[in-house]
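Following the hints, complete the assembly by docking chains B, C and D onto the known chain A.
Chains as they are written, first to last, in this note's numbering: chain A, 1 to 99; chain B, 1 to 99; chain C, 1 to 99; chain D, 1 to 99.
Derived by calculation from the structure, the hints in this document are not laboratory data. Keep in mind that this is a model prediction, so the values were computed, not measured. A couple of the hints might just be wrong.
Since the list can't tell identical chains apart, any single copy or any two copies may satisfy a pair.
Listed below are the simulated EDC-like cross-link pairs for lysine to aspartate or glutamate, each with C-alpha atoms no more than 16 Å apart in a straight line [said to hold, decoys possible]:
1. K27 <-> E62
2. K27 <-> D97
3. K98 <-> D24
4. K98 <-> E28
5. K98 <-> E30
There are 4 protein chains.
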Amino acid sequence: MAIAEFTIIPIGTATTSLSGYVADLHKELERHEDIRFQMTPMGTILEGPLDRLFEVIRAVHEVPFLHGAARVSTSIKIDDRRDKHASMEQKMQSVADKL
Amino acid sequence: MAIAEFTIIPIGTATTSLSGYVADLHKELERHEDIRFQMTPMGTILEGPLDRLFEVIRAVHEVPFLHGAARVSTSIKIDDRRDKHASMEQKMQSVADKL
Amino acid sequence: MAIAEFTIIPIGTATTSLSGYVADLHKELERHEDIRFQMTPMGTILEGPLDRLFEVIRAVHEVPFLHGAARVSTSIKIDDRRDKHASMEQKMQSVADKL
Amino acid sequence: MAIAEFTIIPIGTATTSLSGYVADLHKELERHEDIRFQMTPMGTILEGPLDRLFEVIRAVHEVPFLHGAARVSTSIKIDDRRDKHASMEQKMQSVADKL
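Isolated chain A, as found in the complex (with noise of 0.2 Å):
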């Protein structure tokens, strides 16, 4: 299980606004059921296996040219721990912890 989280935008859409695009990618991740999602004001945090996690940003990346965007810019940040387990809330409580 790995956490990872992206941000999506599409270049050359005429409008500042994506939030339209955003709603789409919501929709798109709905349907990775096996995958935990938080939308957050910059991005999107997902939590699952790291096969997984590749393959749902596959996903998501090919939607803003299903709704007409011909070039589109995504980073990924993904935070891999192996020697234990960490989901997001394990990660959050610990921080909480230590204040």
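For chains B, C and D alone, coordinates are given in the frame of chain A:
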């Protein structure tokens, strides 16, 4: 007003746990009372005047060095929209409205 | 064809030097002969079919674990342009032409 | 001395080409003669005192707005190593020495 996200990783820490470092960042952030922040499982999101965001991120980048780190990797993403006010909540709400 | 950049950071390595890990990534990349790559002082840039880029980055992400790392932070940026062919050289040339 | 990489993407530009924006950034960078920089197909790498890097990135972030952009996404990665001097060339050489 802009929104930014940062992730700070100390390198060469001898331990895979970073929650102590993240807790230290949190304490530094609380000193900057004019800046709103929200921690996520993958980073910290800030909202405020752009120049202040740069100053605050510069300050938190220093924190791991004060606690013994000798090398730090900091990644920052800024979303700066000037045609309308976009708070963290408004960005989330715009997506929710489309769903 | 798309262009991607990745940076892989092992966490908890007890040393601030990462060049040994980067050299290991380099060796893995050389095994994927269909993918062009270019190292920079801040990461590695790849060019090739998008699905192959995902596969290759998935493979190099595994390398630090094979050499003892227990936690790895990988960041990836993909530039996927489909309205025209954009190689690494063409992107650089387009900017040079404007200067 | 630290090393940083940044990528600046204007959003809502109506064109998928960004090379004109990148050329503008380049001209701004040349005004900061104390900072070394190197363009890559995926961003721009800077080397210099950390506080100056923050100032210069703050300045180049402003450039697309001066040329009509209303929203800009800027991503930054900082590699700040304080146990030894690490220039762009030394980082590359350290990897080459291991290969």
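Hints versus structure:
no. : hint        : in the structure
1   : K27 <-> E62 : within (13 Å within a copy, 30 Å between copies)
2   : K27 <-> D97 : between (34 Å within a copy, 13 Å between copies)
3   : K98 <-> D24 : between (38 Å within a copy, 9 Å between copies)
4   : K98 <-> E28 : between (36 Å within a copy, 14 Å between copies)
5   : K98 <-> E30 : between (34 Å within a copy, 15 Å between copies)
This entry satisfies every hint, going by the numbered hints stated previously.
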